[in-house]
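S.K.: Each chain, written out:
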Amino acid sequence: MNLDHSILTIITFVPLAGAIVLALLPDRDRIQQWSALAVTLVTFLLTLHLPFHYDYAAASGSFQFEQNLLWIANPSIHYHVGADGLSMWLVVLTGLLAPLGVLISWRAIGTRRRLFYTLFLLLQVAMLGVFVSLDLFLYYAFWELSLVPTAILIATFGRTEHRRRAAIKFFLYAFIPSAILLVAMLWLYAKTGTFDMPVLAQLAATHSISSNSAALWLASLAFLAAFAVKVPVFPLHGWLADAISEAPTAVVMVLAGKLGLYSILRFSFGIFPAQSHRIAPFMIALGAIGIVYGALLALVQKDLKRLAAFGTLGHVSMVIFGIFALTIAGVDGGIYQTLNEGLGGSAFFMLLGLLYERYGTYDMRDYGGLAAKLPWIVTMFVITSLSVVGLPMLNGFVGEFLVLSGSMQSAVAHHIAWTTFATTGVILTASYMLWMIQRVFYGDLSPRSESVPAVDLDIREHLALWPLVIIFLVMGVASPVFMRAIDTAGSRIAATLTHTQATTVNFEATSEGGQR
Amino acid sequence: MPSLSPNIVALLPEYILTIAGVLIMLAEPMLPAGSSRKPLGWLAILGTLAAGLASWYQLSFGTLHAFYGTVQTDAFSVFFHLLIAAVVLVTLLSSLDYFEGNATHAGEYFALTLFGAVGMMFMTCSVELLMVFIGLEISSISTYIMAGFRKGQSTGVESSIKYFLLGSFATAFFLYGIALAFGATGSTSIAAIAQTLGSSPTQKLAFLALGMMLIGLGFKVSAAPFHVWAPDVYQGAPAPIVGMMSTAPKMAAFAVLLRITFSGFAGIEHRWAALIWILAALSMTIGNLGALLQRDVKRLLAYSSIAHAGYLLVAFTAFPQDGIASACFYAAAYSAMQVGAFAVITQIARYDEQVRTIDDYAGLALKRPVLAAVLGFFLLSLIGIPFTGGFFGKFYVFTAALHSGRVWLAVIGLLNSGVACFYYLRLLAALYSRQPHEDSRLNQIPSVSIPAAVALTFTAVATLLLGIAPGRVLSLAQRSATATAPAAQSTTATSR
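Note that the protein sequences, when read in sequence, are chains R and Y. Going left to right, the first sequence walks through residues 10 to 525 as the numbering used here numbers them. Going left to right, the second sequence walks through residues 22 to 517 as the numbering used here numbers them.
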């Protein structure tokens, strides 16, 4: 049996099977934890199949590990999955973060474990499904599915009394744009007769007829808006701080960034290259503002989790800034930063969660002088912070450098001014990160840090953090390993975008001839 | 058995249900007072199953005319027959224990349910407006009575009287519409109306006739602005009956509406399309906004059912292509999730219905995780989350609407879905994320009986299957579409 054709399906549905099993297992002792760990580990090992069997020499436009089965005949919906350089590493990353998320929830989730892990696995299914789907409809199904476990997890396992409000806010913020996205999708289907992503991309890339249809513009904006909320792009980030400060660590690790950024790269750029090209200057501006705005807000927070939330806003804005520069370096850097955000953000939230488990507060003023007592936690914190601020030899540097150099070369308007502006965000990020470390770990011991007995990382927590720290270093030093696949996707995206810059695409013309 | 007279075959399910209902009525007095009425319930269940099988059997005859062309069984009527039989079956299974030890007249409940089903089935296979009216009355009268089934309770009495009075008005409008249609076209047969309408100079009168009928049927399907009865009636009526009332008779009325508009008045589509457009937009918006304010779960679902009637009406604007097929599919998906949700509510609220508001449902997941999960699943389907029947229902309806250029209606509909998810989520959040009160009545829910468990499993599996593998039901829906609207044939048959 050739695993290559079914590997993505297996990866996606192993957690689903796991979730079903978990829902049936009794909700006591550690059965749930261990089973969840086993399922996520198996999934992760399966995802490792991808980078080792990926054909790095293949043509840049192609998808690998493809499987294409008819799902529903009318309208023609296929179960079409596949991976390219863009999605492959995201699948691996999702695979990796899941067992770490289980490990880190070990103690934080003490009751209702069955509900927690079942939903967590469902969330993983939805995310993997989003990354591997090549059928627009299938993708949408997974995209919507991802909202449900997230919202229930926040509403049920949130930190304070506001958790239900945060969950509903999150859901509405995500659901309403998605509903509009659905209209755009259906419209697209009505015009082209297909949901197949490669076919749509092909239509977009080849049939460049200079007819600027307003409906096409509206559709592209509907797509972009739905993704931008999910990213979130400034100023659509209203849900982010609430959701993040409420959500349990394992959920926060997967909450922001990846899904939306991936979707912009795959669908906004793939299906609407001309419109994306037109709107790029605007998005660049939003990205740059988001970088600085997020960093400034993070700078004034006293609550650690809100600080991290606004930090996240800054980091995803960096990706937006990079990919809308529409240069190869910018897009590559954006993809790299998407991975970095997944890794660095996760490590950061995990560490914050550990502090919270020990001291019961996210308020920075309750901390101080912990460095001597918690040497391992401090070390991990510092390494993570350095990765986030982009120290050379660590992963953040590669991404940020590519993004900024990509935007500097960009032909999109005002590049130098915006790049300069965005670069100040790098400085601000460094300030709030280092300032936070100083406040939490150095200086005088606060009463609370004195009264609570200091407990450093135990083996489980070491196991959850070390993989990330090692990957920071590997991705910082051996970036070409990852970049090989990323670059094929990045170059393709950048090329599509720049080729169509002068023309707009008219799907109506194509639907007359080909599909009907 | 091709030797059977078409008059027997065409109404076979109705005959079976009537016989079963009469048997129940006859058997009821023979049971000693105070003894269990469950055997009667089982008889009703057997009758419904037999009726469902009989409908399926009708499918092998293709299109069948009987009773001088007033009754027509085809794929369309079979689709709705099966749907009604399934809803009635679920209702009966989940309410087998409901009246046990509470109502002395429980036997009548089973008989009335079957008689109601006879009326609804009759509506869907009649192609003669007066016959439709008879079916409508048969089904309505049983539901009027059942709405007030908990005699002692004032809300129940209010519910029944309100339903009866307003319902009578509505049927009167419908009858008036028939009279006008006769005046305009000289016939009350749907096929004859369609024939004369093309050449007739009395199109305005025909449009008025249709408008009148639309009022009557709009009331039955609780489309805004004829929806005001629904929340009060739903709140007062017993839960299992609401489950049925909010699905089966509505679907029968939708079936009639489909036949009338798509086959009968197809010629003046340009006139009625705008009317339905408005009804749909109003129903979706009023239903969803109204539901936002509700604390009572049954009222909330009542408003949401108004909204769902609006979504279903969107399908009518997709004339003729895909309109019927998508409406049929939506009807199936909606019935499965709605009747399923009420089956859960029946289990939780029991006869005394002390568990009413969203607050009362707080913490259900801790007390009864399976019931909570099933109810949660139905709620997700009502929201329209992928991999549930509710999603594909909306999907087909809005695809159809977009395909015929009703972009704004689709946008209104999908924005409404966004509003809708707010109140469903509130209930969902109560189930999962809140702690039950100390003296919560949720502690007293007895374990779910086997028939009720079968009903819940059936509806949940149906909702899931409609969301994962909609193909079978959709092909049946498309078959029924071609049976009803010959004009739609060419477009539905080809995949777009």
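The hints are simulated quantities; they were obtained by calculation from the structure and are not laboratory data. Computed from a predicted structure; not experimentally measured. A virtual CB, placed ideally from N, CA and C, is assigned to each residue, including glycine. Any given hint might turn out to be false.
Said to hold, decoys possible - SDA-like cross-link-like pairs, simulated, lysine to any residue; straight-line CA separation at most 20 angstroms:
hint	chain 1	residue 1	chain 2	residue 2
1	R	K382	R	D453
2	R	K311	R	I446
3	Y	K388	R	K382
4	Y	K388	R	D453
5	Y	K388	R	R123
6	Y	K388	R	T388
7	R	K382	R	D465
8	R	K178	Y	E290
Claimed, not checked - Just some of the chain Y residues that point at chain R, by a computed CB distance under 8 angstroms:
hint	residue
9	A87
10	L201
11	F203
12	F419
13	L446
14	P467
15	S470
Stated by the list, open to error - Computed list of chain R residues with no C-beta within reach of chain Y, every gap over 12 angstroms:
hint	residue
16	Q76
17	N83
18	T120
19	L124
20	T127
21	A135
22	F146
23	E153
24	T165
25	R172
26	R173
27	S187
28	V192
29	P290
30	I468
31	T505
S.K.: Hint by hint, where does the structure go against what was stated? Just the numbers, ascending.
M.R.: 3, 4, 6, 8, 9, 10, 11, 14, 15, 17, 18, 19, 20, 21, 22, 23, 24, 25, 26, 27, 28
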